[in-house]
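J.: Please put together the full structure from these sequences, using the hints given.
Taken in sequence, the protein lines are chains P and G.
If you read the first sequence in this note's numbering, its first letter stands for residue 1, the second for the next number, and so on.
If you read the second sequence in this note's numbering, its first letter stands for residue 1, the second for the next number, and so on.
Worth double-checking, as some hints may not be accurate.
As the list makes no split between identical chains, a pair holds if one copy fits it or if it spans any two.
Mimicking SDA-like on lysine to any residue, the simulated pairs with C-alpha atoms at most 20 Å apart in a straight line are [unchecked claim]: (1) Lys323 <-> Gly278; (2) Lys284 <-> Asn253; (3) Lys323 <-> Asp251; (4) Lys98 <-> Arg256; (5) Lys155 <-> Asp127.
Think of the hints as simulated: they come from the structure by calculation, not from any bench.
There are 2 protein chains.
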Amino acid sequence: MGLRIKNIDIVTMNSENKIIMNGNIYIENGIITHIGEELKEYKADETFNGRHMIAMPGMINAHTHMGMSLLRNYADDLPLHQWLTEKIWPVEAKLSSKDIYWGSLLSMTEMIQTGTTTFCDMYFYMDEVGKGAEESGIRAMLTRGIIEDRNDPDKKLNESRELFNRYHKASNDKIRVMIAPHAPYTCSPEFLVKAKELASELGTGLHIHLSETEKEVQESYEKFGKSPIEHVYNLGVFDVHTLAAHCVHVDDNDIRIMVEKGVHPVNNPGSNMKLASGFAPVQKMIDKGLFVSLGTDGASSNNNLNMFKELNLAALINKAVDKDALSVKAEDALRMATINGARGLQWENQIGSLEVGKKADLILVNMDKPHLTPKHNLVSSLAYSAYGSDVDTVFVDGKILMKNREMVTIDLEKVKYMAQKQAMDLITR
Amino acid sequence: MGLRIKNIDIVTMNSENKIIMNGNIYIENGIITHIGEELKEYKADETFNGRHMIAMPGMINAHTHMGMSLLRNYADDLPLHQWLTEKIWPVEAKLSSKDIYWGSLLSMTEMIQTGTTTFCDMYFYMDEVGKGAEESGIRAMLTRGIIEDRNDPDKKLNESRELFNRYHKASNDKIRVMIAPHAPYTCSPEFLVKAKELASELGTGLHIHLSETEKEVQESYEKFGKSPIEHVYNLGVFDVHTLAAHCVHVDDNDIRIMVEKGVHPVNNPGSNMKLASGFAPVQKMIDKGLFVSLGTDGASSNNNLNMFKELNLAALINKAVDKDALSVKAEDALRMATINGARGLQWENQIGSLEVGKKADLILVNMDKPHLTPKHNLVSSLAYSAYGSDVDTVFVDGKILMKNREMVTIDLEKVKYMAQKQAMDLITR
Numbered sequence: 001m002g003l004r005i006k007n008i009d010i011v012t013m014n015s016e017n018k019i020i021m022n023g024n025i026y027i028e029n030g031i032i033t034h035i036g037e038e039l040k041e042y043k044a045d046e047t048f049n050g051r052h053m054i055a056m057p058g059m060i061n062a063h064t065h066m067g068m069s070l071l072r073n074y075a076d077d078l079p080l081h082q083w084l085t086e087k088i089w090p091v092e093a094k095l096s097s098k099d100i101y102w103g104s105l106l107s108m109t110e111m112i113q114t115g116t117t118t119f120c121d122m123y124f125y126m127d128e129v130g131k132g133a134e135e136s137g138i139r140a141m142l143t144r145g146i147i148e149d150r151n152d153p154d155k156k157l158n159e160s161r162e163l164f165n166r167y168h169k170a171s172n173d174k175i176r177v178m179i180a181p182h183a184p185y186t187c188s189p190e191f192l193v194k195a196k197e198l199a200s201e202l203g204t205g206l207h208i209h210l211s212e213t214e215k216e217v218q219e220s221y222e223k224f225g226k227s228p229i230e231h232v233y234n235l236g237v238f239d240v241h242t243l244a245a246h247c248v249h250v251d252d253n254d255i256r257i258m259v260e261k262g263v264h265p266v267n268n269p270g271s272n273m274k275l276a277s278g279f280a281p282v283q284k285m286i287d288k289g290l291f292v293s294l295g296t297d298g299a300s301s302n303n304n305l306n307m308f309k310e311l312n313l314a315a316l317i318n319k320a321v322d323k324d325a326l327s328v329k330a331e332d333a334l335r336m337a338t339i340n341g342a343r344g345l346q347w348e349n350q351i352g353s354l355e356v357g358k359k360a361d362l363i364l365v366n367m368d369k370p371h372l373t374p375k376h377n378l379v380s381s382l383a384y385s386a387y388g389s390d391v392d393t394v395f396v397d398g399k400i401l402m403k404n405r406e407m408v409t410i411d412l413e414k415v416k417y418m419a420q421k422q423a424m425d426l427i428t429r
Numbered sequence: 001m002g003l004r005i006k007n008i009d010i011v012t013m014n015s016e017n018k019i020i021m022n023g024n025i026y027i028e029n030g031i032i033t034h035i036g037e038e039l040k041e042y043k044a045d046e047t048f049n050g051r052h053m054i055a056m057p058g059m060i061n062a063h064t065h066m067g068m069s070l071l072r073n074y075a076d077d078l079p080l081h082q083w084l085t086e087k088i089w090p091v092e093a094k095l096s097s098k099d100i101y102w103g104s105l106l107s108m109t110e111m112i113q114t115g116t117t118t119f120c121d122m123y124f125y126m127d128e129v130g131k132g133a134e135e136s137g138i139r140a141m142l143t144r145g146i147i148e149d150r151n152d153p154d155k156k157l158n159e160s161r162e163l164f165n166r167y168h169k170a171s172n173d174k175i176r177v178m179i180a181p182h183a184p185y186t187c188s189p190e191f192l193v194k195a196k197e198l199a200s201e202l203g204t205g206l207h208i209h210l211s212e213t214e215k216e217v218q219e220s221y222e223k224f225g226k227s228p229i230e231h232v233y234n235l236g237v238f239d240v241h242t243l244a245a246h247c248v249h250v251d252d253n254d255i256r257i258m259v260e261k262g263v264h265p266v267n268n269p270g271s272n273m274k275l276a277s278g279f280a281p282v283q284k285m286i287d288k289g290l291f292v293s294l295g296t297d298g299a300s301s302n303n304n305l306n307m308f309k310e311l312n313l314a315a316l317i318n319k320a321v322d323k324d325a326l327s328v329k330a331e332d333a334l335r336m337a338t339i340n341g342a343r344g345l346q347w348e349n350q351i352g353s354l355e356v357g358k359k360a361d362l363i364l365v366n367m368d369k370p371h372l373t374p375k376h377n378l379v380s381s382l383a384y385s386a387y388g389s390d391v392d393t394v395f396v397d398g399k400i401l402m403k404n405r406e407m408v409t410i411d412l413e414k415v416k417y418m419a420q421k422q423a424m425d426l427i428t429r
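T.: Below is the structure:
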């Protein structure tokens with residue numbers, strides 16, 4: 001039952017950001033049982049040689065819309081309004097459950113290939129996403145994104161409840177479910193409260209978009225006389241655990257509220273740049289004690305679901321925005337992509353760092369590359385120089401999803417073929 | 001002698017950005033002889049099947065410091081002054097010609113692996129760089145970076161002249177030389193004029209850093225009462241062809257001067273972010289008619305020499321800075337990375353686009369990947385979704401430098417080993 005990874009440099013991302021050079025990791029029944037020196041007496045069933053590799057916690061993509069990968073590179077370089085009204089929304093209205101299944105499996109394939117072991121998806125036909133997660137073996141937080149339907153306000157909440165009953169803690173607790181009212185500008189105050197009450201009743205958290213664009217914040221002031229974050233706060237929504245995507249246009253009062261209520265912001269730098277939304281004040285949020293996590297957003301506004309790319313963007317852009325070369329250090333960006341994501345998903349007791357007793361969700365990164373030569377500093381290498389394509393092997397729950405870059409659980413050729421087929425069908429439907 | 005690439009989608013980057021689906025490229029004696037339909041009568045000596053691939057011009061890295069790759073990830077997350085004075089400068093002072101040779105060969109390896117076919121390097125011991133370029137087969141613009149030595153102002157200019165005599169138009173005109181006074185803050189007005197006169201005498205161009213940081217611009221106003229660009233303009237330096245790296249803090253008057261004199265700015269978004277220098281007004285420069293090119297800068301401030309990464313950054317960041325999702329479109333970013341780079345190096349008659357009569361400097365990008373699925377728009381795919389690791393095959397002057405990701409001209413293992421060895425020796429020397 002036991003598995004050993006030897007000769008491996010280990011970036012634990014534990015509370016001291018401990019790094020172990022040339023160590024060992026032992027895994028039994030999907031759990032990390034030992035990290036460090038060789039256990040001489042122990043006979044592993046399988047041993048991996050980690051020479052030239054770094055082991056680190058699998059990345060946690062804390063905010064994405066996976067089915068949208070069918071629209072990757074479909075409608076770029078358009079103004080936001082035209083992009084949404086003429087391209088994205090008309091096509092989204094035609095998305096079938098089959099589209100979502102293949103689009104999501106395409107996204108899971110890309111994520112596994114680039115070192116993501118857990119995603120938090122907000123979309124619809126979420127049963128299909130759950131099915132894909134079970135098949136691929138990736139760890140999943142499923143959240144059914146709800147734009148309020150005034151004609152039948154309970155329908156999508158009931159779908160969320162059914163999704164919860166079907167999937168929460170399924171597959172050896174590899175899948176969980178949160179409630180996802182889309183945003184304060186697509187859900188009424190009353191509906192937001194109902195969504196929060198459902199989350200509270202089920203004992204789970206909320207996933208919501210907050211303060212993504214300047215326009216959204218302006219309109220919130222016009223309509224409610226306050227920022228989106230203060231608006232949601234006053235409704236009592238933050239009384240449940242909340243994962244808040246984007247949080248770009250937040251002021252000091254917004255940050256004070258998030259600190260008070262323990263709100264978990266997700267930084268989405270790639271999407272925020274591509275859609276011209278702006279730059280989140282990440283270092284300020286970190287300084288105030290917020291656990292900022294990291295997500296790719298959907299592939300139609302990124303246009304990748306590659307957490308190594310996002311990690312690099314997160315570590316770079318706030319330096320220039322803040323005019324401070326120390327803003328969002330490599331180590332902080334790496335925490336965003338791993339342990340902070342786990343906190344955002346209330347999963348930090350099990351994932352997000354390599355520690356004894358935690359689930360064996362980890363990746364091996366091949367450092368034997370020209371662009372990772374010479375070796376001076378592992379954390380800098382990971383944040384500033386490594387690519388998703390350097391990920392060699394991926395474990396989730398102690399099971400191998402990719403080995404030496406070969407997909408183990410996913411039929412790669414079929415996924416590419418079916419995703420292409422569904423995408424072409426979708427845009428001509 | 002002839003080579004044919006068939007079944008290939010071709011992104012030409014010619015003046016109309018023409019794209020040819022499922023076409024052919026014919027190459028003879030290093031020159032592109034035909035693009036488009038199959039030539040039924042022609043018998044090629046070698047045929048490449050380009051199925052699932054895009055052919056595009058090789059990337060042109062218009063500003064880098066290649067020897068610095070030995071310091072990649074050596075001293076990150078430090079304030080600029082401390083980084084320079086305590087880390088970079090003390091180590092640079094100890095760099096040997098052997099360090100430069102192996103560091104530069106490491107850089108060339110990384111660049112070839114990520115689709116760069118031409119670089120413009122500004123550093124010292126440039127003979128070593130020229131030697132490496134001859135061995136690796138990559139196209140090279142060598143520029144000996146000159147920080148003025150007040151005790152012997154002519155020494156480095158003479159080195160530049162010797163470099164020119166030794167290498168300019170060497171290796172079937174695959175190597176050229178420009179004159180590179182480092183910056184207006186490291187070279188006196190008199191010296192800048194001397195450098196310009198040397199370039200003029202030799203019939204070549206100048207390569208210089210201009211307006212990289214706010215501090216530099218402020219100090220120029222304090223010392224000369226004008227911006228670095230106006231200062232250099234008033235000296236008559238721009239009377240020769242000038243490639244100007246960074247150009248971050250430029251105002252409307254600076255841009256007007258650059259337009260008047262046909263100065264070629266190089267955008268270095270990765271380095272400008274990492275060092276907290278800021279964001280160049282790229283779209284404004286494009287709108288005014290400047291041919292903005294793209295460069296990685298050195299690996300100690302990037303920390304990669306990967307033009308696909310730089311292309312992606314260039315296409316993303318100005319959107320958020322300008323609050324305009326149409327700023328620096330995919331197509332414009334791709335022109336920056338290819339044909340505009342060629343213009344910056346005065347090489348546009350031979351490279352930078354795939355056109356009959358031009359040198360066969362081209363790359364094949366493998367699109368058969370999950371993150372490049374589905375296929376909606378080739379240019380968007382290249383700028384927003386593709387990675388350097390998707391580059392499959394690289395031709396320079398019609399010769400293969402990488403084939404199916406296997407290095408052909410470079411001993412990969414030796415380069416990694418020697419670069420690591422020299423780097424460890426260097427920092428403990």
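J.: State for each hint whether it applies.
T.: Against the structure, the hints:
{"no.": "1", "hint": "Lys323 <-> Gly278", "verdict": "both (15 Å within a copy, 7 Å between copies)"}
{"no.": "2", "hint": "Lys284 <-> Asn253", "verdict": "within (12 Å within a copy, 35 Å between copies)"}
{"no.": "3", "hint": "Lys323 <-> Asp251", "verdict": "both (18 Å within a copy, 18 Å between copies)"}
{"no.": "4", "hint": "Lys98 <-> Arg256", "verdict": "neither (43 Å within a copy, 55 Å between copies)"}
{"no.": "5", "hint": "Lys155 <-> Asp127", "verdict": "within (15 Å within a copy, 72 Å between copies)"}
Checked against the numbered hints above, the structure violates only hint 4.
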